[in-house]
Structure formats: C-alpha cells, structure tokens
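Asks: Residue strings, one per chain:
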Amino acid sequence: MSGGVDSSVAAALLAEQGHDVIGLSMQLYDQTEGHASFGSCCSIDDLHDARRVAAAINIPHYILNFERQFNEQVVSNFVREYTSGRTPLPCAHCNSDLKFATLVERARGFGADAVATGHYARVEQDASAGRYRLMRGVDPAKDQSYFLFSLTQDQLARAVFPVGDRPKDAVREYARLRSLPVANKPDSQEICFIPDHDYAGFVAKHADGVSTRATGTGVVVDEHGRVLGTHAGIHRFTVGQRKGLGLTSSPTGAPMYVLALRPADQQVVVGPKSSLERTTLTASGVNWIVEEPPGPIRVAAQIRHRHQAAGATVRALGDAQAEVVFDAPQIAITPGQAVVFYEHTTVVGGGWID
Amino acid sequence: MNDSHMRVYFDYNATTPLASEVAAAVARTSQDLFGNASSVHYFGQQAKAAIDEARSAVAALINADPSEVVFTAGGTESDNFAIRGAADAAEPTGRRHLIASAIEHEAVLNTLKALARRGWRTALVPVDQSGRVSPDQLRSAMADDTALVSVMHANNEIGTIQPIAELAAIAHERGAVMHTDAVQTAGKIPVDVRALGIDLLSLSAHKFNGPKGVGAIWIKRGTRLQPILTGGKHERNRRAGTENVPAIVGMGVAARLAIGKMSAEAARVSALRDRLEAGIVRTVPGTAVNGGVSARVPNTTNISFDRVEAESLLIALDLEGVAVSTGSACSSGTLEPSHVLRAMGLPAHRTQNSLRFSLGMFSTEEEVDRVIEMMPRLVEKLRGLTRKTATA
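From first to last, the protein sequence lines are chains B and F. The first sequence maps to residues 1 to 354 in the working numbering. The second sequence maps to residues 1 to 392 in the working numbering.
Just so you know, these hints were derived from the structure itself, not from any lab. Not one of these hints is a red herring.
Once the Cα atoms are required to be at most 20 Å apart in a straight line, the calculated EDC-like pairs of lysine to aspartate or glutamate come out as:
hint, chain 1, residue 1, chain 2, residue 2
1, B, 243, B, 223
2, F, 381, B, 113
3, F, 381, F, 306
4, F, 220, F, 173
5, B, 243, B, 190
6, F, 381, B, 105
In silico contact screen, one side only, chain F against chain B (beta carbon under 8 Å); selected entries:
hint, residue
7, 311
8, 312
9, 315
10, 316
11, 318
12, 319
13, 381
14, 382
15, 385
These figures come from a predicted structure and were not determined experimentally. The beta carbon of each residue, even a glycine, is placed where N, CA and C say it ideally should be.
Make a model of the complete structure from these sequences and hints.
Replies: Pasting the structure below:
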C-alpha cells in the first residue's frame, strides 16, 4: 500500500470480498533528514495515508523497511544505467526485484498466499497450459503491464491485481463510495525517489561508489564526429532528447536530437530527427511469459511506457536475448528502457533494450 | 484476531494499560474537579488539593519530599527539563560539557544533540556487553566543566539496571549534577532518590498503569534548574501551564497502587518473564538473551533470533495476536539497528534480529505458555524462507 488511491482500492476490494488482508507499505529511503519536499510515492505522508486507509477498511497495517534493498536493487542500478549512457526504468526493477521478490517473501513469512498491488494489469491462469498470463489493464490510459514484463511464472502465480479490470474513473469512484481518505489524492507521477525530477542532480550525487564512470564533462558531436559543443555529463541526456543540448546553432538549421550516448569517451551524439529512426533492436535479460517461442513470432512491440506498440517480428536468440525487427522505423529506441512484446492485450514477454 | 481479549500484550515497556482504579479516578476527576488549580475559589482549591495528594503519592513512590516533585507532560518533558534546565542554570558558571550513557532513551540523546548544536560539548559513556555503564569509563569522561551527567536507572530495551549511586558519586566529585531517567523502573522496583544519591529524576505515569501525557521530575532541594516552559507561576514557578488535573490524579493513584503491590508484583512478573525466556530459549534453536540478567528489571527480556529479521517476527507475532517490539525504530523512519545493542558491542546481525518482551500487571502464565508454544513454528517458517532465498 503506497498510500495512493490504486493500492488503497486494491486492498479495500479484497477485504470487501472477504479475503484475510494484511496491509504492507514499503519504506524505501531515509525519511528522517528533512525531506520535506517529498510529495510523491512512498514519502512519509504517503505512509500515513496508507495507515489511515488500512484503519478505514479495518485491516492490520505494517511498514516494512526496505531502504537497504531498494538502494541495492533499484537506486544503484538507476545510477549505473545513467552513467553508462542508458536510460533506466526503475519501476520495472522495483516490481521484479523488490515488490514481487523480497516483499512477497516477507509476506509468505506472515502466512500470506499472494501479494496484491494497485497495478493496472491482469493476471490469469491458462486452464490448459497451466501457465500464468499477464495482460494489459482494461484502462488503456492507465495500463502498467509494461512495467511488469519481467515477472516470472512463480511471481505471477502469487500476484493479484484487483484494479486491473477497472477503469481509473471507476477506481476513484469506488474510493469515494467507500470514503477512503485518499479518494481525491492526485496520481503519483514520475520516479518516486526523485520527487523534484532532477535526475541528473540525483545521479551526480549518488554516482560515487555505484559507478566507476565519471559524471564529468564531455563533447557533443554530430554523426560524423564533428564537435559541436560541450556538455556537463552524459547522465544528463537520453536518446531522443531535443532540449538542453546547449548548442547555439545547428549546422543544418534543423532541430537536433540526441542519437546516442558514448560513455567510454563521454560523447553525446546528436543529429536530425530522421537519424533517430531504427527498425531493429536487440534486447537482453529477456523474460518470456508464454513458452519461449522456437522461431520468429509476430507481436506488437512497445519500447517505452507511452509508446504505441508497433508491429514487429521477434526472435529469441538464446541466452535470454532477442532480436526485434519492426515493420516500420521507430523513433528513439532507447537503451535501458524495456521492449515489451504483446499479442493483442497479452504480454508475450519482454527484455531490456541494448 | 480482532478480539482484544484474545490478544497477548507483552509490550509494557512501551506503555501499560490503565489500572481500573486509575481509570475510575481519571473519569471522576474529569467530571468533578474541573477547576483551575491556580484559582483562589472553591473550585480551584478542590483541584489543588487533588494535585497535592497526587504529589504526595508520587513522592512516596520515590522516597522524596512532595515539594521536590514537579508534574510534567511525561518522561520526555522531564528529561528535557532536567538536561536543558541544568545546562541553562550552569551556563553562567562556565560549565559547557554534558555526559550521558550511550544507551539512553532518545529523549536524552536528542536533547544532548540539540545542545551540542548550541555549542555544548557532549560525551557518551560506553557500556559493557551486559549493558552496564562502567564507573571507570564515566570517571575518565568527566571534565572540570561537566555540568550534568545523565544515566538511566534501567534501560528500556534490555532492562539492565545501572549502578546509579556509584555513578552519582563520581559526578558529584567534579561538581556535576546527576540526572537519572527512571521511567523504566518507577513502579517496577524500589526507587529511592536518597539512596541513589542523585539530583534529578524523571518519571512517566503510563509506564506504571497510569495515564499517558503526564509525568514528573524530582528536583532535589537546592538543585539549580532553569524552567524550560515559561509562563504563569504554576508548580512553584518551575513548570508553567495549567495543570492536567485528571491525569495528575491518575498518576497519583497509579503510584499508590504500585507502592502497595510492588514486591508481590515484581516476584510474580519476574517468574513469568523467566518462564517465557527459558521457554523460548529452550524450544527455539539459535536464540540468545541480550544484556546482563543479574541486575535487570523484573518484567523485561530481550532475545536475539538467529537468521530472522526482527521486523518480520514482530509482524508474524502480531498477526497471531501477540504484541511485542523490536529495539530498533524501523517504522519511524530509520533502519538503524538498536543503538543499545550496538553500544553493547553485539555483532550487526544480533542488533537486527532481537525482540523485546515486556510483561506487566495483566500478564498471565497462560499467555506466556501460548507464546512459548507458537514461537518455534513462527521462527521456523521465517527461517525456511530465508534459507530458500539464500540458495536461490
């Protein structure tokens, strides 16, 4: 229970259905040292909100301290990815490495059969094959299956998503009907542990000890290696970025975009929008939710949270790798983000873009 | 497990249930004695008389003179008053140094930190593996300008009783004021301010079946102490603010009850505690009792469970209807392992896998046996998961 409306309603629905529900909230970072600005997910106010909701629906509630695990499994990875010229997806790591790993384990210690969250996704067991299937939530604007692609069969078997079969409006309406204290609370945005959205500042502050790569300055070059300017660290950029390049003029006069980040020589490569287009990608750490396909299959592949999944052919390469060939070029395929394969609304699998 | 009568409450060091006599007195006073104790008229006099009776009762609990007892809003205020008040009073004399033990309650430790930010030098005296402050260590920590030494009478997490009289003598050799936080001993074991040889003592009513939000500080006559709450002339100019008459009356009743039954209760509760401790250590492998057992308050035991996160075990117990606590303050914002166990030099894993069981007035043998019976199963279940993770 994050203290937000979705997990609050998830808990309330289960309690109403007569399940024996235990409310758990994760404390993920130190909140003693005056983080007064924390306004997003998991701040101390949110933990209080979670407690108030638990009291309102009459379930026990506990705060589990996962600061160490969060730092090791999510924050370090986040910083390492940025300093390696990649754009991380911490929520997906948090789901597969923390919520549906450490948290589930703890909950089992308390006798829980399953762990429910407020994710907009659906899970069901395939009657014939026995495998668990992951599907998009019914509200297309809120679907979060993209962030859950790396859940294993064991993890899916213990996952429950009570709001996945409802539109967001209905979830809020239910919260109001039940007079949950968070019914009108705004949705959380962005990355919970960086509420001021200053990712570059966060990475610079946490880079020591996590990454051996410097977050130092470097040059901005075009596709032909010509130096166009300087920059204050590659961790400040993401592929497809247009603003903040610090270029006084573009050689062609057309807008310039970040095409690639080269951590080895601290270079930011820029070029015109057309150069952002790619038709193929490879992915690592691939997780197949269906049986791993023996040959190429047709999917709709989604390359970031707000991307319209596009027709593609995907082929498993072995060693948890896969190759994706899109029918049409895609803009800004970004290393570090997930590529998730769908068949209609069902998640076939996914991996991390190389 | 929603029936509170089916639940086991073994967290008396956090707070205690009200004695029924106390609850009745608080209710009666709230109804009948609404007067402001500072008022000249009948209503004021009635309230004042009730406070004075409570003051006598609290004084009797600690072998003090009633005129030396000042009511406060609880143990934390009493600790603040003792330390800040003594520091303020000593400042003109040039003394700028404060000492406490490393295992004090946050009310003491954080008050020292606050004064350190205002230029005071502070020192924390270490404890040995049993959790006892060594007099020699205190002696070497003392400075010529030490204004105050604060060492708790018994520790809230492990129950170890400190050699206060010996420590007070050392403090006095160098002209420092001696304060002891007796929140965990008052009402459990005899507390005699004269025998302890101290100058200031903190008390809290809700630790001995009294109401929350009321406590007292004993200020030995002649001790120089600046008030920290300024305002009207309440409590002989020492603590401003209209007195919380019902709570103070409740504290007085709780004090009288404690005086009456202390020796019998101490024997009864310590037998239960020993039974619980021995039962757990016998039936659960990989357990160890933390802190010295020879000088300990009768109601407390602190036990480490190998390969179990205390946080998980506490929750598992609560879901079975048993309320205990961990030493560490995890849910309040930090993952700090218990500063008490750390100060005792215990290895890191033992500072994060320990539970405190503290018993009291309403604890029964049947409850003790129920907890002993469930512990092996709960611990094994959590350990099984840990093992699986480790090999995954």
